[in-house]
Amino acid sequence: MSINVFNLPDLGEGLTEADILRWLVAEGDTVTMDQPIVEVETAKSAVEVPTPFEGVVHKLHGAEGDTMLVDQPLISISDGVESPEAPAGSETDADAPGAEHGASYREEELAGTTPSAELSVDEADPTAGEDEESSGNVLIGYGTSAASSSRRRRRKRGAGADAAGQTHDALAEAPRLAPTVISPLVRKLAREHGVDIAALQGTGPGGLIMRKDVLAAIDQVDDQRMRADAAGPAPTGLSAAEPAAPAPAGLSAAGGAAPQGGAAAASSPAAAGPDSRTGLPIALQEPVKGVRKTIADAMTRSRTEIPEATVWVDVDATELLKLRSELKAKDPENTPSLLALIARFTVAGLRKFPQLNARVDTAEDGSRTITRLQGVNLGLAVESERGLMVPNLRNADQLSAMELTGAMREIIQVARSGKASPAQLSGSTFTLNNYGVFGTDGATPIINHPEAAILGIGRIIDKPWVVDGELAVRKVTTVTIAFDHRVCDGGAAGGFIRFVADCIENPVGALTQI
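Everything in the sequence shown is counted per the UniProt record's numbering, starting at 1 for the first residue and increasing by one.
Don't read these hints as lab results, they were simulated from the structure. One thing to keep in mind: the hints can contain errors.
Unchecked claim - When the alpha-carbon atoms are kept at most 25 Å apart in a straight line, the in silico SDA-like pairs for lysine to any residue are as follows: (1) LYS419 to ASN395; (2) LYS322 to LEU471; (3) LYS475 to TYR435; (4) LYS352 to SER400; (5) LYS352 to SER337; (6) LYS463 to ARG474; (7) LYS475 to SER337; (8) LYS352 to ALA381; (9) LYS322 to ILE514; (10) LYS322 to LYS475; (11) LYS463 to GLU326; (12) LYS293 to THR67.
Start from the sequences and build out the full structure, keeping to the hints where you can.
Below is the structure:
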């Protein structure tokens with residue numbers, strides 16, 4: 001029996017660990033290549049990890065709630081074939097020293113196509129090292145990389161080497177039933193577009209199916225669809241309609257991850273008696289890890305490093321609401337959201353007061369540099385069941401109010417579902433926080449380190465307001481900015497928030513400045 005050990009892959013953005021939220025398979029289950037096997041939570045998001053191997057699950061190397069390090073064995077999968085020639089204790093055993101020290105899927109450059117016994121230099125396929133384009137097709141932490149050599153180094157093998165080599169020879173002589181695909185990313189692309197990989201002819205070395213082969217098949221189908229009659233059947237190789245993927249168990253409708261298994265046990269009431277400080281019974285003890293740890297670290301760092309100051313102003317939003325109502329009456333399908341309009345005023349304000357679109361960089365010797373950015377990556381504070389997320393809109397200053405509306409709706413939905421990528425959750429230069437959705441008027445928001453400022457919007461409510469010397473009932477909100485006093489003084493922060501407030505109070509007059 002040959003056993004492949006799949007280590008936790010590099011999930012990108014320099015992340016070195018992940019918590020197991022939920023196993024999607026159990027020991028003894030049969031799995032196929034690219035089948036999601038586990039849901040893990042990193043400091044950035046929750047993701048499902050697919051397996052690059054097919055076979056029978058031999059061993060799960062972690063329990064739900066455990067923290068796994070990158071390159072640590074995650075799962076062992078056997079081919080399900082008994083091999084009497086392989087002596088006990090050989091490297092086919094998932095618990096062999098080789099498995100613990102990196103005998104992983106990462107070392108198998110032909111992802112999902114080679115047995116656990118590695119080829120020697122002389123036996124290696126000289127085309128195993130792909131060109132730069134093919135290397136770029138693989139998922140982070142999977143298979144080859146752009147720096148991969150065309151030959152693999154010989155790994156020292158123990159007593160089971162000959163048996164393992166015989167296993168490889170037997171497999172090599174057997175007909176290949178699966179198409180030659182290295183990259184899980186390529187297989188995922190084909191699966192998402194309904195492309196039958198078995199029907200494709202690969203253009204890579206040895207008939208390897210590349211990303212460009214799948215893209216060509218997709219383009220060909222699209223061309224066929226454009227020429228075909230609308231009532232005609234769907235083209236071969238592409239499903240007529242791609243069903244929406246069901247929400248994984250353990251996720252609420254909002255997309256937050258519910259604690260399960262070991263994770264739930266980690267948050268269970270402690271059995272150690274009363275609290276030593278208060279004498280009260282302990283209701284819950286929950287480890288600070290995963291997203292919660294990331295949030296805690298970010299908040300602590302912000303309050304520790306940034307000398308922040310806060311400025312706020314009450315704003316009459318009556319005219320802005322009136323303008324939006326008029327736009328909606330004329331074209332209900334193309335009306336910018338209220339938050340998108342305020343976001344548009346915000347990026348215009350940052351153009352006038354660029355001191356706030358900056359950060360303070362501290363060198364190892366303690367010297368500091370203020371770095372101002374051209375362009376705005378607008379962060380949006382989003383509350384999800386997994387915790388506070390700040391996805392961002394790249395180059396938000398280049399988007400119209402309608403474009404901001406669509407982009408904000410999409411990124412907020414992705415963040416709430418817990419599917420935001422690390423790239424979407426990093427790189428913001430200024431954050432907008434709409435805490436009015438919680439029914440609150442104001443707050444002292446914590447700056448999203450290393451940014452220099454954050455703008456908060458409270459709820460809009462009816463308030464008495466003096467208009468032209470007369471008392472009237474108006475729609476009023478409170479706008480707050482917390483800023484890093486190292487990048488500017490109160491004049492710039494006050495000027496910025498006054499500009500945004502004036503745009504809200506007189507949106508028609510603001511058109512000449514945004």
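Here is how each hint holds up against the structure:
| no. | hint | result |
| --- | --- | --- |
| 1 | LYS419 to ASN395 | 21 Å, holds |
| 2 | LYS322 to LEU471 | 19 Å, holds |
| 3 | LYS475 to TYR435 | 17 Å, holds |
| 4 | LYS352 to SER400 | 17 Å, holds |
| 5 | LYS352 to SER337 | 23 Å, holds |
| 6 | LYS463 to ARG474 | 6 Å, holds |
| 7 | LYS475 to SER337 | 17 Å, holds |
| 8 | LYS352 to ALA381 | 23 Å, holds |
| 9 | LYS322 to ILE514 | 19 Å, holds |
| 10 | LYS322 to LYS475 | 10 Å, holds |
| 11 | LYS463 to GLU326 | 22 Å, holds |
| 12 | LYS293 to THR67 | 12 Å, holds |
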